[in-house]
Amino acid sequence: MLNQKSLFTKLAAVSMVASMMLATPVMAATNDTGDKDAQNGIVKTTYEDENGTWTEGMIGGNPEGVETCWLAYGPLYQYPSEGGTWQYGFWNAKVRSYYTVNRCHGSTVKLNGKTSRSVNTASGKKSIAELWAIQSDSNDQYFYRVC
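The sequence shown begins at 13 in our numbering and counts up one residue at a time.
Everything labelled a hint here was simulated from the structure, so no lab data went into it. Possibly wrong hints are sitting among the right ones.
[Stated by the list, open to error] Mimicking DSS-like on lysine-lysine, the simulated pairs with C-alpha atoms at most 25 Å apart in a straight line are:
| no. | residue 1 | residue 2 |
| --- | --- | --- |
| 1 | 106 | 126 |
| 2 | 138 | 126 |
| 3 | 122 | 138 |
| 4 | 137 | 122 |
| 5 | 106 | 138 |
| 6 | 122 | 106 |
| 7 | 137 | 106 |
All chains should be built: construct the whole structure from the sequences, respecting the hints.
Here it is as structure tokens:
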């Protein structure tokens with residue numbers, strides 16, 4: 013009787029280990045040569061106006077805004093392929109988009125139909141776009157641009 017219990021215990025342990033191994037996802041590093049910005053969730057748009065050609069990056073990939081239950085808590089950082097540092101998110105009662113790069117650039121932030129767009133900012137200076145906000149389930153969008 014003791015051997016049957018011991019055998020049953022061993023079989024139960026082996027089947028539990030096997031089921032855990034089968035249900036555990038395996039992750040492997042890949043050498044993906046795709047667009048770094050797209051991998052980081054940045055969607056880009058290039059357009060022309062009377063001032064020239066612009067490239068604009070938006071986080072989230074949804075033209076209606078970042079799909080979250082709450083505002084994107086920040087500061088969050090991205091390093092776009094155009095260079096520089098893009099800082100965005102909600103902190104200290106404002107939604108913000110700051111961008112610094114060594115060329116003409118700017119920032120935009122949108123929240124529930126309101127827009128704050130920075131001026132075209134000189135190379136090496138921080139572009140600033142901010143709107144007052146409270147943490148709620150809102151539609152926030154963050155942009156940077158280069159000219």
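So, going through the hints one by one against the coordinates:
1. 106 <-> 126: The given pair, whose Cα atoms are some 13 Å apart, holds under the 25 Å limit.
2. 138 <-> 126: holds (21 Å)
3. 122 <-> 138: holds (18 Å)
4. 137 <-> 122: holds (22 Å)
5. 106 <-> 138: holds (17 Å)
6. 122 <-> 106: holds (11 Å)
7. 137 <-> 106: holds (21 Å)
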